[in-house]
Amino acid sequence: MPSPAQWAGQVLFYAVAAGVTGLFASWPSWSRLPPGQAQITIAFAHGGARKEACRKLTPEEIASLPAHERRPSDCRRERVPLRFELVLDDRPLLARTLPPSGLSRDGPSQLYEKLAVPSGRHTVTVRLADSGRASGFDYESRFELELRPRQNLAIDFEPDRGGFFVR
Amino acid sequence: MRSVRAIVRAGFDRAEASLGRAFPPAWNPLLNLGALGFFFYWIVVGSGIYVYSFFDTGITQAYASIEYMTHEQWYLAGVMRSFHRYASDALVIVAVLHLLREFGRDRYRGVRWFSWVTGMVVLVLVFVAGITGYWLVWDELAQYVAIVTTEWFDALGIFGEPVARNFLAPSTLDSRFFTLMVFIHIAVPLIALVLLWVHLQRVAKPRINPPRGLALGSFVALLVLSLAHPAASRGPANLATVPDEVGLDWFYLAAYPLLETLPAPFTWATALFLAALALAIPWLPPMRMARPARIDLANCNGCSRCFADCPYNAITMVPRSDGAPFAAEARVDPSLCVRCGICAGACPTAIPFRRAHALSPGIDLPDLSIGFLRERVEAEGARLAGRGRVMVFGCGEGVPLEGLASERIGVVRLACSGQLPPSFVDYVLARDLADGVLVTGCAENACHARFGVAWTEARFARSRDPHLRQRVPPERLRTLWAGRLGRGALEAELRAFARSLEALPPVAPPRRVPGPRAPAEVHRA
Ligand code: SF4
Ligand code: SF4
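Top to bottom, those sequences are chains A and B.
Mapping the first sequence onto our numbering, position 162 (from 1) lands on 162, and the numbers just tick up by one.
All you need for our numbering is the position in the second sequence, starting with 1, plus 1000.
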């Protein structure tokens, strides 16, 4: 049978063990975003244009193909990379070239980026080139924003909805 | 690697000894880590079932249902929720300590790789279950966990569209993903349980329940913690804001700030490297082991004592193959044998009195045989002189024996204290090789080969075969289970023992004791 001192030692052990468990179960807290900052999350997946335009096959070429593979034109599947730019209050903040995904480079390009910005009024301009052009952009949107501290503003892109939009 | 192990082991030795001052050996938490893991697992499961009965699995309703438990039904569902959280934290703590302790004691290499690897997989599953559990509360912490986790997986670039887009804004939230998390949170612990069963396949009589005193203490501690500091949610998840300072559960989420701030290729490479290292560590470097136990069929009578005593299920009894008039014979599976020699200590044919030229019992360790031990005993005995001579038998894992031998102290090393057939005690005294015998080894309940200490005590107490012979005077036999830190205790014990032996008359010639057997009273230090 343990002595009174041993019982006390056991109680002390359980108290310390429970205290440590309870303490580190929720402390210290953590935040990556500094106080007063807001966040712009820009995330989309979009496929750029095909790298090469489809080429019409000649009748001889079609005839030379096996019967089940005959088709009027030959299309390479590879896509062009996208060019993306985000400008905050006339200050370029993000510029990316987004390669197509997939082993044969025929999948959509992806962007997922979080930017910490000071809260307050901002103008955000986003631009995207998806046609493979060397200069200029195919889409451009400008948003006047009033960001609260810790606000998360999501900018998405869907060509069917006319390009960029705020979620 | 050896020095890392030595440091870890020294830390555990000290901690175990410190706790040993407050806890009896059977209750010492550090000597029951595996059993405590099971205990907390069952508390997590029990409280989880209760909490689930109130939980609404819809992503928008989940938070409210947990708030109801925490605030309206705080006295039961709230306590259960706290149990669920804190017992899972305790589970991770004891699991990691268990792993470190086995590492420090070098019980993860050689034939023990299997337990190490399966244990690692279980640990990963525990983390998966815990992390998905935080997801289900759908509060700000859940939002944080969801976003960091999915961003990390997205970095692999294997999904057509970033999964983290689900958590872009309230309008993109997908409840199917949430349902998947509920499913994982329930399925993974069940898979872990099956793997735990596999994990224990290589040990005989695994201890999966902590002793009652320890279980009660741990339960009360959890209850007090749950009442004093109930688990609570943070504000509801809101994807339109970045969660303010999140109070992380560092037992499960300690890596999250790193995953969030360091480049994903680096964190992925580190994670994969650590995972590969954890799985490969039993072979880094491969353990050079002595040869496994070997059967000498000519001396095996099929009594199955070795089978009953082997702590690692390495022995099976199979039908007789040599035509001898016994039903069975023992067979050793070398891939399971840890070379502890406990089987040889159990074998009725391991008797030093046998006149056989080379003493060969039915089962033996080829590299530390019973015959060799007899030679060592005789050589040490021949060297001792004076009164109060003591023959010390000890293992390499317990009290260090270096430099202990002297004119009055003989030292014979065993693979494990359980390797010593009790007849050796009788032999030492009957042949007047010493005036007393002291058997020492690991601390009680901390035997390196699991049952060496327990079986030795039981054999000496004549409650387990092979019994110590009745004629051995109890005042001439002592045991000391003190572990690596016990050198001082051993020296003190030897001095006291030698003094008491000096006061006894010289060893009497052997005689037969008639009548019924009575349990021996071995002096235990
Ligand atoms: S040496 Fe130990 S592990 Fe191997 S068979 Fe004998 S008792 Fe079992
Ligand atoms: S204890 Fe010895 S005699 Fe008995 S089964 Fe094992 S090897 Fe054979």
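Treat the hints as calculated values from the structure; they're not laboratory data.
Owing to the predicted nature of the structure, the values given are computational and were not obtained by experimental measurement.
The beta-carbon is built from N, C-alpha and C at its ideal position, and this holds for glycine as well.
Treat the hints with care, as some may be off.
Stated by the list, open to error - Here are a few chain A residues that face chain B, going by a calculated C-beta distance under 8 Å:
hint, residue
1, Gln-10
2, Ser-29
3, Phe-137
4, Ala-154
Unchecked claim - Computed from the model, here is a short list of chain A residues facing chain B with C-beta under 8 Å:
hint, residue
5, Phe-13
6, Ala-18
7, Ala-25
8, Trp-30
9, Ser-101
10, Asn-152
11, Asp-156
12, Gly-162
13, Arg-167
Okay, the hints, checked on the actual structure:
1. Checking Gln-10(A) against chain B: minimum C-beta separation of about 5 Å stays under 8 Å; hint holds.
2. Annotation: interface hint on Ser-29(A) holds; nearest CB of chain B at approximately 4 Å, less than 8 Å.
3. Taking 8 Å as the C-beta contact cut-off toward chain B, the hint placing Phe-137(A) at the interface is violated, the least distance being around 22 Å.
4. For Ala-154(A), the suggested interface contact is upheld, since its CB lies about 4 Å from the closest CB of chain B, less than 8 Å.
5. Checking Phe-13(A) against chain B: minimum C-beta separation of about 6 Å stays under 8 Å; hint holds.
6. A distance limit of 8 Å between C-beta atoms decides the matter here; for Ala-18(A) the minimum to chain B is near 4 Å, and the interface restraint holds.
7. Because the beta carbon of Ala-25(A) sits about 5 Å from the nearest beta carbon in chain B, less than 8 Å, this interface hint is met.
8. Hint on Trp-30(A) holds. Least Cβ distance to chain B is approximately 5 Å, under the 8 Å limit.
9. Interface hint at Ser-101(A): satisfied, since its Cβ lies 7 Å from the closest Cβ of chain B, which is below the 8 Å cut-off.
10. Taken as an interface hint, Asn-152(A) checks out: its beta carbon lies about 5 Å from the nearest beta carbon of chain B, inside 8 Å.
11. Against a cut-off of 8 Å between C-beta atoms, the interface hint on Asp-156(A) holds, since the closest Cβ of chain B lies about 7 Å away.
12. Because the closest C-beta pair between Gly-162(A) and chain B is about 17 Å apart, greater than 8 Å, the hint is violated.
13. Here the hint on Arg-167(A) is kept, as its CB sits about 4 Å from the closest CB of chain B, short of 8 Å.
Checked against the numbered hints given earlier, this structure breaks hints 3 and 12; the rest are met.
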